[in-house]
Amino acid sequence: MSRAPHAPLFIREMRLPTRFSLYILVCLFLLGMDARYATLNSVRSGLNAIIHPVQIALAQPWEWLLGMGGFFVAHGELASENNRLKRQQELLAASLGDRIAIEAENTQLRALMALPPRPGFTLLPGEIIEASTDPFTRKVIINRGSEHGIAAGWPVVDANGLVGQITRVYPWSAEVSLLTDRNQGAPVQNMRNGLRIIVSGQGSDNFLEVRFLDMHADLQPGDLLYTSGIDGIYPAGIPVARVVNTDPPHHTPFARALCQPLGGVGRYRHMAILVPTAPPAGVEKHLDAASMKKSK
Amino acid sequence: MNTRPLLPQGAELVHPPTRKKVYISLLLAFSFTLLPWMEQIRWLVPDFTLMALLYWNIRSPRIASLSAAFSLGLLTDVARGVVFGLNALAYCIATFIVLLLQRRLEGFDVPRQSLQLSPILIGKEMLVLALGLAMGRGDADWRWLAAGIVAALLWPLFAWLVDRLTSQAPATRQTPL
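Protein sequences appear in the order of chains A and B. Per this note's numbering: the first sequence = residues 1284 to 1579. Per this note's numbering: the second sequence = residues 2 to 178.
Note that these hints are calculated values from the structure, not bench results. Hints are not guaranteed to be accurate.
[Unchecked claim] Below, a sample of chain A positions facing chain B; criterion: calculated Cβ distance under 8 Å:
1) D1317
2) A1318
3) R1319
4) P1336
5) Q1338
6) W1345
7) G1350
8) P1418
9) F1419
10) K1422
11) N1426
Using N, Cα and C, we set each Cβ at its ideal position, and we do this for glycine too.
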């Protein structure tokens, strides 16, 4: 058998236009299927399991180079940074003590009022391994996947605030839709007056917007927006955004507000996934118990 | 003066590219797109997979044809995290056009080839953006068209490199005159 393919003597295959139209039909079918239904997710994660190790291996030399660069840092720089971090650590420890006290008080008060306890969360650190190469979305890939116990829907935060939400889970990696993605939204509460609104991404890197704001809503530039926790996905009290300006309505019954995300959305390499400690089923049971108590 | 032509000629033409060479170079080009490119220049990075596909479709259209375009397109879809079939569609269309024009493109020298291919390379990026717009995925970031222009500009270098790497038979490697 010759290794080099020659033009066969008798052509026994479909002609090019026929083959082309077949492939195009398959492509269009796949496009429709994937846009509408979630049936192809297993195929996608299977293919991703093949590509992911290659990607990691290709990124390794860069990591080593960066590591080498980090090795040659001046001693003084390290010492000063260490000092700064220690001070920060003390401050954080102090505020954590405060927080624990307040949390205990809160649990007691909630118990008194027969409200279900707030769901608890633990932090699972993750690192961005790749930014999405799709011009339409603001997504990143992190190095935690279903093997680490991740599930889609969990919130992702960094030191300063909410970053986004896990939207697709692969075996060793997961896709995080950033808050700035056009299809992402977060229910928030204005810290100043408790006004509840929804902040959505705009598709731009630096701004979020409040799309359908009541004309008379009390929202001012400088207001801080924190998650309200009523959606059952994001726990309450995570900083989300600061209002930059508000637009009075033009030709629509609604006003619009422009906000700036507080978390380093797409700026830092490290982020943390909020892993719910209380299973949702338990919360529901508690809710049932509480409502039964009320009905009695 | 060294007047070695860019395209292999003479005895070298006896050794056409083997399937192995073609597939390995296609996978290499695909893994080039997987490199951790910096986010600031991500929109400038050309689609190496498409360039390699077009190259092989011009040079040996019997090996890398629509099936290779389709499967590499699906891999690219997964790697980029976009809707299934988007890049596969773009690659299939580009391959089809190149296969139709193959006899003509073969005859041109490399710079002119790059001029002839530039509408295809830019058109692919435009198709991806237009399909995204059509599927209601938000405003298109037209900067990404630059990847197509960069690909057309890099074509001579790319073709030269792949020519040099793959055109010689390993057993009878000749020293240049």
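Hints, verified against the model:
The criterion of a C-beta within 8 Å of any C-beta in chain B is met by D1317(A), whose closest approach is roughly 4 Å, and the hint holds. Among the interface hints, the one on A1318(A) holds; its C-beta lies about 6 Å from the nearest C-beta in chain B, closer than the 8 Å criterion. This hint is violated: R1319(A) has a C-beta 10 Å from the nearest C-beta of chain B, more than the 8 Å allowed. Evaluation of the P1336(A) hint against chain B yields a violated restraint, the C-beta minimum of about 11 Å exceeding 8 Å.
Because the beta carbon of Q1338(A) sits about 5 Å from the nearest beta carbon in chain B, less than 8 Å, this interface hint is met. Taking 8 Å as the C-beta cut-off, the interface hint given for W1345(A) holds, the closest approach to chain B being about 5 Å. Checking G1350(A) against chain B by beta carbon gives a least distance of about 14 Å; that is not within 8 Å, so the hint is violated. The beta carbon of P1418(A) comes within 4 Å of a beta carbon in chain B, closer than 8 Å, and the hint placing it at the interface holds.
The beta carbon of F1419(A) comes within 4 Å of a beta carbon in chain B, closer than 8 Å, and the hint placing it at the interface holds. Taken as an interface hint, K1422(A) checks out: its beta carbon lies about 6 Å from the nearest beta carbon of chain B, inside 8 Å. Violation of the interface hint for N1426(A) is found here, the shortest Cβ-Cβ separation to chain B being roughly 12 Å, above the 8 Å cut-off.
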